Amino acid sequence: MGVDRRGFFKIAGLSTLAGMAGKTSMDALAQGESRFAPNPEALHGKRWAMVVDMEKCKSKEGCKDCILACHQVHNVPDFGNPKDEVKWIWKEQYHHAFPSQENEYIKDDLKHANVLVFCNHCDNPPCVRVCPTQATWDRKDGIVMMDWHRCIGCRYCIAACPYGSRSFNWRDPRGVDEEEESFIKETNPEFPTRTRGVVEKCTFCDERLAQGLLPACVEACTEGCLKFGDLEDPESEVRKLLAERFSIRRKPELGTQPEVYYLV
Amino acid sequence: MLENALYGDRKYWGWLALLIFFIGVGFLFYLQQLSYGLGITGLSRDVTWGFYIAQFTFLVGVAASAVMVVLPYYLHNYKAFGKLTILGEFLAIASVTMCLLFIMVDLGQPSRAVNMILHPTPRSILFWDMVVLNGYLFLNVLISRVTLNAERKGIAPPKWIKPIILLSIPWAVSIHTVTAFIYCGLGARPFWLTAILAPRFLASAFAAGPALLILLCLVIRRFTKFDPGKEPIQKLAEIVAYAMAANIFFVALELFTALYSSMPEHTIHFRYLFFGIEGANSLAPWMWFCEIVGIASLILLLIPKFRRDENILTAACIGVFISLWIDKGLAMVVAGFVPSPLGKVTEYAPTFPELMISLGIYAFGFFLITIFYKIALSVRKELPN
Ligand code: SF4
Ligand code: SF4
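Line order of the protein sequences matches chains E and C.
0 is the number of the first residue of the first sequence in numbering that gives the first Met the number 0; add one for each residue after it.
0 is the number of the first residue of the second sequence in numbering that gives the first Met the number 0; add one for each residue after it.
Any given hint could be a false lead.
[To be verified] Keeping only pairs whose Cα atoms sit at most 30 Å apart, straight-line, the calculated DSSO-like set for lysine-lysine is:
| id | chain 1 | residue 1 | chain 2 | residue 2 |
| --- | --- | --- | --- | --- |
| 1 | E | Lys90 | E | Lys239 |
| 2 | E | Lys90 | E | Lys55 |
| 3 | C | Lys152 | C | Lys224 |
| 4 | C | Lys224 | E | Lys63 |
| 5 | C | Lys343 | E | Lys57 |
| 6 | E | Lys82 | C | Lys343 |
| 7 | E | Lys110 | C | Lys343 |
| 8 | C | Lys224 | E | Lys106 |
| 9 | E | Lys59 | C | Lys152 |
| 10 | C | Lys343 | E | Lys55 |
| 11 | E | Lys184 | C | Lys224 |
| 12 | C | Lys343 | E | Lys90 |
[As the list claims (entries may be wrong)] Reference listing, derived: stretches of chain C covered by chain E, where coverage requires no fewer than 3 residues with Cβ under 8 Å from a Cβ of chain E:
| id | segment |
| --- | --- |
| 13 | 33 to 43 |
| 14 | 105 to 115 |
| 15 | 122 to 136 |
Derived from the structure by calculation, the hints contain no laboratory data.
All values reported here derive from a predicted model rather than from experimental measurement.
By construction, the Cβ of each residue, glycine as well, lies at the ideal position given by its N, Cα and C atoms.
Start from the sequences and build out the full structure, keeping to the hints where you can.
Right, dumping it as structure tokens:
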């Protein structure tokens with residue numbers, strides 16, 4: 000149900016945007032048509048998951064390609080201070096990303112690793128359990144989605160998420176700072192911006208999957224550290240990687256069943 | 000009946016004018032919050048609930064505590080509380096109203112609050128909290144109206160109201176239990192993840208609420224002919240003493256489990272509260288003050304000689320109230336967020352606009368209490384002419 004409704008919003012939103020962008024009516028029509036019918040190229044999965052190769056990732060010191068790509072394509076505002084910060088994907092020190100894996104004497108490179116973190120699209124998501132309006136819900140394909148038009152901004156989901164994956168818009172993300180600089184440097188007209196007072200987070204790029212594209216972070220990574228795929232498909236690359244190499248998840252003891260796996 | 004609120008002396012009107020002033024100031028700041036966003040508060044990405052939600056939690060307790068006068072009167076036929084039940088119910092109405100307002104000002108998109116009704120979600124504890132709080136408000140409005148009306152006409156209240164009054168007793172317990180469930184069902188927040196949270200909430204509520212009621216009684220006795228009498232005040236004081244003792248006992252249980260097991264995610268929040276971590280210790284002085292004043296007040300209440308002295312009793316009640324307010328209205332919510340689930344320490348302090356908005360809501364609550372009590376006392380002709 001939720002998927003359909005969101006799909007509708009997207010169509011509505013995109014047709015408006017298409018109109019605003021001043022495309023020719025034929026173009027707009029053509030685009031509108033392809034949006035109404037499910038895109039034949041769309042990627043389908045039963046349980047989407049991400050595998051992060053920490054070995055590969057650390058090889059490129061200070062790389063932020065995936066983060067920049069995600070935040071750009073999703074119109075994630077930059078408020079320039081940690082208090083108001085909104086982020087979908089970022090790097091976290093090892094002992095913050097895996098607080099229960101505390102061990103003074105582990106390999107140095109692991110100890111000082113900067114781990115890429117984002118929403119785990121948990122199979123048993125506490126954020127979904129607590130939301131009083133179903134503004135966040137889990138789709139059949141395992142994606143934990145957000146409806147920014149329904150969210151009332153109670154922030155119960157933030158209290159419930161054990162991974163700090165969710166951000167709240169403390170200010171108007173469409174606004175400007177004291178120097179009249181927009182919080183969203185370069186708006187991507189293909190994706191909605193949010194209003195103040197709602198929660199947002201990574202959506203595994205549902206909008207790109209619907210067009211047959213991989214998530215923006217996966218595409219942006221030149222080192223091939225990020226693998227996205229369907230865990231229910233035994234032939235998928237993610238399943239093979241997990242079968243071959245040792246992987247860990249963040250706070251599995253909480254029973255949230257995170258669907259982001261880290262190869263160490 | 001309501002027209003009684005419209006006649007009063009200069010002190011009455013002066014007091015109301017003062018409250019209206021603060022309501023207005025709070026409202027102006029709220030408009031500012033609406034246009035800027037909740038970023039106007041001290042809240043941050045890591046500490047996402049603060050002063051508003053803490054006041055809400057504390058006031059749910061005050062609302063629930065009305066049961067401490069209703070229960071002895073109706074279940075145990077304890078006649079001395081006869082004059083107090085209506086005051087307890089009015090206090091409950093004002094408190095629940097403040098709770099709902101604190102929730103509203105905490106919402107990022109208050110205009111969408113109806114989504115909770117349009118898309119009812121029983122798996123969310125917030126949904127149940129909305130149900131029990133509004134239900135409790137309704138019950139208390141109904142009960143106080145019917146009983147006061149009967150009193151005005153000099154007749155006994157209708158029979159059908161009795162089962163509703165009895166229903167309000169477990170309902171009072173439910174509002175604070177459900178409010179505790181909002182917190183204690185979250186694996187992400189070990190500080191709240193304890194079965195003692197709901198009992199502790201109830202114990203602290205049954206101490207803070209009656210303590211406030213004693214203080215209110217003593218205040219109105221000074222300004223009116225209303226005299227609840229020595230006995231009910233003393234009985235209330237005993238209730239405060241028992242509840243406060245239970246509360247301190249529960250705190251000790253919690254501390255033992257956390258500290259003896261020595262599991263870092265449980266101990267660290269207490270360490271933050273009492274000593275601070277990574278140099279962040281802004282709550283520590285409050286906490287020590289809270290515990291010392293709490294224990295000192297309990298000792299005063301436990302010793303009959305002190306309890307019977309009204310001056311000492313007043314001091315002890317103020318002590319209990321302040322101690323529990325710091326515990327629940329300041330520390331309990333924030334400590335759940337510090338450190339964050341990722342082990343990061345971000346401190347929180349309410350900002351000036353946040354405090355003014357809160358003050359405005361409290362002023363509104365006191366405004367309601369004032370006119371409600373005025374009505375009740377006018378009906379009983381206990382006001383000076
Ligand atoms: S990581 Fe957090 S926000 Fe994402 S699904 Fe899990 S609990 Fe929800
Ligand atoms: S902030 Fe929004 S998404 Fe999160 S629990 Fe509240 S309504 Fe749901």
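Right, here's what the structure says about each hint:
no., hint, in the structure
1, Lys90/E to Lys239/E, "25 Å, holds"
2, Lys90/E to Lys55/E, "14 Å, holds"
3, Lys152/C to Lys224/C, "20 Å, holds"
4, Lys224/C to Lys63/E, "73 Å, violated"
5, Lys343/C to Lys57/E, "23 Å, holds"
6, Lys82/E to Lys343/C, "13 Å, holds"
7, Lys110/E to Lys343/C, "17 Å, holds"
8, Lys224/C to Lys106/E, "78 Å, violated"
9, Lys59/E to Lys152/C, "84 Å, violated"
10, Lys343/C to Lys55/E, "27 Å, holds"
11, Lys184/E to Lys224/C, "67 Å, violated"
12, Lys343/C to Lys90/E, "14 Å, holds"
13, 33 to 43, "holds (count 6)"
14, 105 to 115, "holds (count 9)"
15, 122 to 136, "holds (count 6)"
In terms of the numbered hints stated before, the structure departs from hints 4, 8, 9 and 11, listed from lowest to highest.
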